[in-house]
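Chains as they are written, first to last, in our numbering: chain R, 86 to 294; chain U, 86 to 294; chain V, 10 to 215; chain C, 10 to 215; chain B, 19 to 252.
Just so you know, the hints here were simulated from the structure itself, not pulled from any lab data.
Here are the simulated distance ranges between beta carbons:
1. U:Glu175 with B:Arg98: 20 to 28 Å
2. R:Tyr89 with U:Met275: 50 to 58 Å
3. V:Lys75 with B:Arg98: 21 to 29 Å
4. V:Asn73 with U:Ile114: 54 to 62 Å
Derived lysine-lysine pairs resembling DSS-like cross-links, with alpha carbons at most 25 Å apart:
5. V:Lys93 with U:Lys97
6. R:Lys97 with C:Lys93
7. V:Lys67 with B:Lys165
8. V:Lys129 with U:Lys97
9. C:Lys47 with V:Lys93
10. V:Lys93 with B:Lys165
11. C:Lys134 with V:Lys67
Every residue gets a Cβ at the ideal spot worked out from N, C-alpha and C, and that includes glycine.
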Amino acid sequence: MLFYNLIIRDLKLAFYSSTNFLLAASFLILILVLIPFVFNASPDSFTLLFSGFIWIAIALSILLTLDRVFNSDYEDGNLEIILISQFPIELIVCAKFISHWISNCIPIIIAIPIAGLLFNISLSDNLYIVVNIIAGSPGMVFIGAAISALTLGSKRASLYKTIIVIPLYIPFMIFGVNQESSLVLLGLSMISFIFSLFTSTYSLHLYAE
Amino acid sequence: MLFYNLIIRDLKLAFYSSTNFLLAASFLILILVLIPFVFNASPDSFTLLFSGFIWIAIALSILLTLDRVFNSDYEDGNLEIILISQFPIELIVCAKFISHWISNCIPIIIAIPIAGLLFNISLSDNLYIVVNIIAGSPGMVFIGAAISALTLGSKRASLYKTIIVIPLYIPFMIFGVNQESSLVLLGLSMISFIFSLFTSTYSLHLYAE
Amino acid sequence: MTNKLEINDLECIRNEKSIFQNLTFKVESSQTILITGKNGSGKTSLLRIIAGFIVNYKGEILFNSKKINDFNKLIADFKFVGQKNSLKENLTVQQNIELWQYLYQTTIDIDQITGPLNIKSFLDKDVSSLSDGQRKRVSLSRLTISQSKVWLLDEPLVYLDADKVKLLGSLIDKHNKDGGMTIYSSNTKNNLDYNKLINMDNYALL
Amino acid sequence: MTNKLEINDLECIRNEKSIFQNLTFKVESSQTILITGKNGSGKTSLLRIIAGFIVNYKGEILFNSKKINDFNKLIADFKFVGQKNSLKENLTVQQNIELWQYLYQTTIDIDQITGPLNIKSFLDKDVSSLSDGQRKRVSLSRLTISQSKVWLLDEPLVYLDADKVKLLGSLIDKHNKDGGMTIYSSNTKNNLDYNKLINMDNYALL
Amino acid sequence: MYLKIPNHFINIIQAWIPILSLLTLATFSVGLYFALFNSPPDYLQGDSMRIMYVHVPAAWFALASYSFLSFSCIAWFVFRNPNFNLFAKSIAPIGAVFTIIALVTGSIWGKPTWGTWWAWDARLTSMLVLFFLYAAYIMTWQAIANKELAAKISATLGIIGFINIPIIKFSVDWWNTLHQPATISKLSAPSIHISMLTPLMIMTFAYLLFLITLFLIRFKIEILEQKISRAKNI
Ligand code: HEM
Ligand SMILES: Nc1ncnc2c1ncn2[C@@H]1O[C@H](COP(=O)(O)OP(=O)(O)OP(=O)(O)O)[C@@H](O)[C@H]1O
Ligand SMILES: Nc1ncnc2c1ncn2[C@@H]1O[C@H](COP(=O)(O)OP(=O)(O)OP(=O)(O)O)[C@@H](O)[C@H]1O
Ligand SMILES: [Mg+2]
Ligand SMILES: [Mg+2]
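Let's have the full structure, built from the sequences with the hints guiding it.
Structure follows, in structure tokens:
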């Protein structure tokens, strides 16, 4: 039950550091609120923009909370005690991935149908979006986490991290707005899982010094 | 020349902590690059979406770098020594506003015409966008900085900050995409300057404890 | 000219709780005051009140018979070095010093800054790759930049080895000889001379 | 059963520079080792090598005659407390302890954690509103969670007042009596008993 | 500097709560009877307009609660009497609930009248933002552990959010929106028939009683909580 404990620990942390679950969902809605103001378009075209914006919102909410994955533990020294606990680093990294996905993406996924209602999205379209997000968002979380592990020690530059991460998100975006691509997204997520696992494990070793 | 020195100090800091000037501009371009992928729209409608996206990009780049304004100085104790330097807090806050705007928005403003080229935006449209951004972005920086000062001590929640800031950005967005509203934007910026100055000064006093 | 700092019947309140009360003492030019006391007795709080950070107190603090208000002009006469070392971890020591110079408006010679605590040898290292004692020394070197009359040092001896404690001692002596005064807190059996000792346990409401 | 930790001809390299070399010593169950030395002589580095954080070293480290590799299973036998206090500033002490309990897989009674260093009274305060010494005590309380045979303490006495140093002393004594061993670094004229002293200045290449 | 509320005041509140609860229930019964049975259907909208009796008072009190919150915050800054902060803290969740009621009933009403659950016009959006402002205010109290600090920060936030209130109120006049412009709450004579006005007024009164009851309950809890935390401190 070691692994499970580690996830619970991270979820507790996310929960303690303010009611994050609600925050993530409100963030989605607020980003969507911007659309009608920024695009002088007819309500019909909102529907067109909707799934694109959902993807942008999810990308942003991941980017904005990347610090929570490794950085905060690194800065206050908790990473050290996690690293010399009896867990293998790979497992630690997996647990971090999973808990971050749960605390960040699940609330958004739950909020999507509600948001869809506000934008008059049909139920089936909504379903497609949710399925795609479920398939693709884990990969985005993994990649984001890996890059933030890689840049742990670099000068405090959230933009810098962002600029490396965004290009890696483009494939997800491309397939994400395409309703038939859930399987591709799942594949992408799996590939990024492997890539991110190695990158993160390696980086954590480095920064433990 | 006290004031000037403080600005230089912040700009140096921004520059030392990675070449931020380039980063901010690349961020804009990257966000714009996402559009064609995310929205299955015809190239014509890109033009329509362009100014909206510019505003969203600028809002995001401000949101993503808010930590640099007060947070990093607060955490490492530099805020303390700034606060008991001979400067009045109001001036300190102004300097922070200005330097953050310079290091964050100027590069974006310079990058806009280039980006416009990529999207076939007419020169006059481009000009309007730039003028609006110049008028409105300072206000957005001020508000963002004020809210981040206000939430300095709250649990590490970048999302939480974002949720307070976004609603306050809506007026800027509304007028920003409207070509004739530069004066309104300038007014908004001025109002937010006064509001932000007070809020920030007050918050810094509080957190100096 | 001699300066004088008076603390009259001070009471400190943090988070709605009174930490200490009835504290009265006086410091004059060329004096060093040592503040000791149990953990949580309010040493740091006292120093931060004098520095002007904490404004929620009762009683009076007078500097040269003028009342100290929070963050006003007088404050430039104070310099506070505490546990937060005011260093940017990812910049080099030199860059950090440069940032301070802008803040304090001086173009003082770098040797005068690096000399007293002997930090010259790691001037171009990143702060993040310094040892704890080295970091503390860099942080304390800020004292040498610009003149300020009152030095407020919260546990300055922590992490320093015996030699470096002596260096700090002579830095303080020099400051005091030039008409300055120093108030520092410490809990160790330390090696710095002092003129007056204030034991916070006598005032704390633990 | 007694445990044994052997350091053979250790050389530490940081940032391509050799910090110390030819360091050899042995620790057995129930022993306390004090590490002293000038700032930058490598005290912290030594402890972090033993803990398994720094892998760039030459020489051998054997625990019960088994070689220690980085972050392997053995490592659970070590506990390191350093300058970074491993506390979440914005959570309460209780919440922090709870997070540790998940990490160390124990449901040990809270009194056993808060008792030894007397932190019970600020259990539901935010860490950010603790004094430096209180924070250090909370950080050191992590030692009481779960058994580990080797305690590696980097400057544990810093910020502690005399009473609390004694409390830490008895905590270490109890640990050693139960077959544990303790290696700690310090620069102050401290009050903790030790069986062996290692002066890093003899090995450092400053 | 602390509470000047004597213990017997809490007892008075305690005594009023059941009375007010009963009154609320009674007024709601009367109001709902009028609203559902004893008032004519609208000639355009038919029976669906009966939602008005639920929607309009909820919307009014959502705005009123936030105004009350902001003014309490201002009063707190001026007089530094902690009771004002307790007022604000007590009203916030209630206002948030009223906002949700207005949003939900508005949406339900919107379907038959505008043909859509939701539209992105200024009134509706700014009302949504109001909900987030309430949420931000409530969260601030939780996010900052230091009570003194939390009081100051949340009060600042409560004041900042007030900008939104005139925006909600006048959005219908400033921008062309789907939403009804002021018909009842105009300064001049209301342009609504008396047969509809009566039930609306009764419902409004019922909402007011409801609000006061909830407020007193919350206020009592806040006082007791503060007493507990101070007892812990000493
Ligand atoms: C989610 C959708 C809706 C929201 C957020 C909303 C919000 C509000 C708000 C904030 C007010 C109070 C304004 C004030 O005091 O001036 C209000 C009043 C009112 N609403 Fe709505 N509303 C919604 C939908 C509707 C619909 C569909 C109708 C009917 C077609 C409607 C009819 C009214 C009327 C008649 C008033 C009273 C106006 C007055 O003050 O005289 N609302 N609504
Ligand atoms: N992260 C790092 N990267 C590179 N070099 C480092 C790093 N940390 C420390 N050093 C260097 O290694 C040397 C030894 O550092 P260490 O922290 O072990 O010293 P120490 O004996 O603990 O000193 P102190 O008494 O100041 O704590 C120092 O010269 C320091 O500059
Ligand atoms: N930011 C804060 N907010 C609220 N209370 C605080 C804060 N910082 C410290 N306190 C409380 O004030 C009291 C005094 O703290 P202070 O830091 O002044 O003690 P100290 O004498 O410096 O102790 P130490 O020797 O541990 O450094 C402690 O009980 C502490 O819990
Ligand atoms: Mg202290
Ligand atoms: Mg060390």
